[in-house]
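> Listed below are the residues making up each chain.
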Amino acid sequence: MDYGLLSSIIHSILVASTPLVFAGLGALIQERAGVLNLGIEGLMIVGALAGFATAVAGSPLLVSIFVAALAGAMLASIFALLVLRLYANPVATGLALTLFGLGLAALAGSQYVGQAAPQVAVWEIPFLSQIPVVGRALFSHDPLVYLSIFTAFVIWWFLTKSRTGLILRAVGENHTSAHALGFSVRGVRFLAIICGGALAGIGGSYLTLVQTPLFVEGMTAGRGWIALALVVFASWRPFRVIAGAYLFGSVSIIQLHGQALGVSIASQWLSMLPYIVTIGALVIIAGRNDLTHKPPGALGSIFRESK
Amino acid sequence: MNKSGVVLGLLALVAIAVAVVLFKPAEKKEKVVVADKTKVGFVYVGPVADAGWTYEHDRGRLAVEKQHGNKVETVFVESVSEGPDAERVIAQMAADGADMIFTTSFGYMNPTIKVAKQFPNVKFEHATGYKRADNVATYSSRFYEGRHVLGLIAGKMTKSNTIGYIASFPIPEVVRGINAAYLAAKSVNPEVQFKVIWVSTWFDPGKEADAAKALIDQGADILMQHTDSAAPMKIAEERGIYAFGQASDQAAYGPNAQLTAIIDDWAPYYVRRVDEAMNGSWSSTDTWGGFDTGMVALAPYGKAVPDDVKAMAREAHKAITEGRLHAFTGPVNKQDGSPWLKAGETADDGTLLGMDFYVEGIEGSLP
Chain A
1 MDYGLLSSII HSILVASTPL VFAGLGALIQ ERAGVLNLGI EGLMIVGALA
51 GFATAVAGSP LLVSIFVAAL AGAMLASIFA LLVLRLYANP VATGLALTLF
101 GLGLAALAGS QYVGQAAPQV AVWEIPFLSQ IPVVGRALFS HDPLVYLSIF
151 TAFVIWWFLT KSRTGLILRA VGENHTSAHA LGFSVRGVRF LAIICGGALA
201 GIGGSYLTLV QTPLFVEGMT AGRGWIALAL VVFASWRPFR VIAGAYLFGS
251 VSIIQLHGQA LGVSIASQWL SMLPYIVTIG ALVIIAGRND LTHKPPGALG
301 SIFRESK
Chain B
1001 MNKSGVVLGL LALVAIAVAV VLFKPAEKKE KVVVADKTKV GFVYVGPVAD
1051 AGWTYEHDRG RLAVEKQHGN KVETVFVESV SEGPDAERVI AQMAADGADM
1101 IFTTSFGYMN PTIKVAKQFP NVKFEHATGY KRADNVATYS SRFYEGRHVL
1151 GLIAGKMTKS NTIGYIASFP IPEVVRGINA AYLAAKSVNP EVQFKVIWVS
1201 TWFDPGKEAD AAKALIDQGA DILMQHTDSA APMKIAEERG IYAFGQASDQ
1251 AAYGPNAQLT AIIDDWAPYY VRRVDEAMNG SWSSTDTWGG FDTGMVALAP
1301 YGKAVPDDVK AMAREAHKAI TEGRLHAFTG PVNKQDGSPW LKAGETADDG
1351 TLLGMDFYVE GIEGSLP
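Chains as they are written, first to last, in our numbering: chain A, 1 to 307; chain B, 1001 to 1367.
No wet-lab data here; the hints were simulated from the structure.
It is possible that some hints are incorrect.
Quick look at which bits of chain A chain B covers, simulated, 3 or more residues with Cβ under 8 angstroms [to be verified]:
hint : stretch
1    : 3-14
2    : 110-121
3    : 205-213
4    : 252-260
Each residue gets a CB set at the ideal place from its N, CA and C atoms; glycine is no exception.
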């Protein structure tokens, strides 16, 4: 085995998976609060454009990411208004958000087609990045790869160790009880939607700033939907989202390398694999009775405050 | 909390509304109704701003306007999905008084034939299809002639003797391109090897970029692609290797990386056909034009191309244009070793249009 190639493959897998990690975590935090947001794809592409436009204007990476997060959060706030305040059907509203985001990004982004953003610098972690094979594969990435893993840690800590996280989960499990206990269901959900939108925006911007890196309309190409599937696959656990995203990334990158190496597995099978695995996970979850794998109890339901 | 939520949401709505007003959508249809003008309609599968396939068709439309001045009026509808929606758009265009309609994607074939029956006096032109009628002509380009020149350049310039090829779907058009490029590269560099990755999509910049990285990691130092985004060119630029642009000049994405690009130039064909429609000599034809008709063109050679390679590429370009050279000239065997073309024999169009096999020397199998 060629170790140089191996480390390149692992490096590419991490890069290809990172947008899914961000977007998946963004969907997860909303779903744990009981909000089903099918607009992830739209939030991602708007973040992709916002981040790219900021980078083209010459801003440093941190500012570009911040603007991408802001754009995602802004667009998500429309969703929040419609679903939380006006009681719109969340499924229809989420789909509309996807279509709207794709259209908006195409319209506002036409002038950015053909432009180049500055290349993102790599952060080589001292000492660790010097280890042969592993160093290049895992410890010489752009800052966003590390940030995505850090974000998963933060969300895990928030959901399992903090009081606010407990409230968020209570709202997601049973909003009537949470309301009766005096928690603001809509307030919690609003914040969850804003955070989720910001994360989806960052995920989108990773595509335009690092992975591709250019902007064309429709370039998210279904990654928002994969992120939604990942959350189910991960049974609503942050670290499993990372595992799922890396599994998905591995399958897609390894099949590309396999083809170039002349391995004769029908590439269509490998393209299908992640989706088959997700469906399999769904079936397993549906068949199990223990509480740890259940979706949040109030997921996708509309909350009306009794007067 | 709830109030601030509403306020924020409203603010966002207002911001979006302002943005929509500021970035007013490009006019979907241009209309100047003057009775004696010839009205020419175009149906596009993508947005005009796609920097590729549709962009080049629209340049053809603009050339028609420029050439015929105020004797013609053009209309277009962009981003029309292939299927029932296309039929509605084409029929509407014909009903609105178009004298001639270009439908510019393979998937418009059946809708075009169907609408053409309802409007026998309207002339239809369908790109890349094979169904014709008295008032439906078809046209396409011999892009493989461009691939031949690309293959020569790649064969001469590769140092690792490995060319990476990002392919979309195993349809004859794409297979033909791989074969043409490989035969040309092999003719100038017997050591050359092609690595082909099928990405099963026309457009997914992320996946195309990943495929480009995989090929480079496996030693390719020149990339070719038959997908629609400029992502592979961008990756080639970042990694400091070379690539060829697809459908349109992509030098903006790879100022150092682009060696040249195959450009679909529809302008000469559109101008000529509109001219024929206006003077009454139009008839239903099947056009498959190459360098000779100007329908396939090459972008200026990049600065990395050495002079002797440029000279060789120019000579091949000229020879194909003048009909002295065919990209598929025997002896050529199929991949399994069975003979295809005898020495000096050139491929017939029928075989080329239905090409479903690799030529000898290419590794791997078609998906």
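> Which constraints among the numbered hints does this structure fail? Numbers only, ascending.
none
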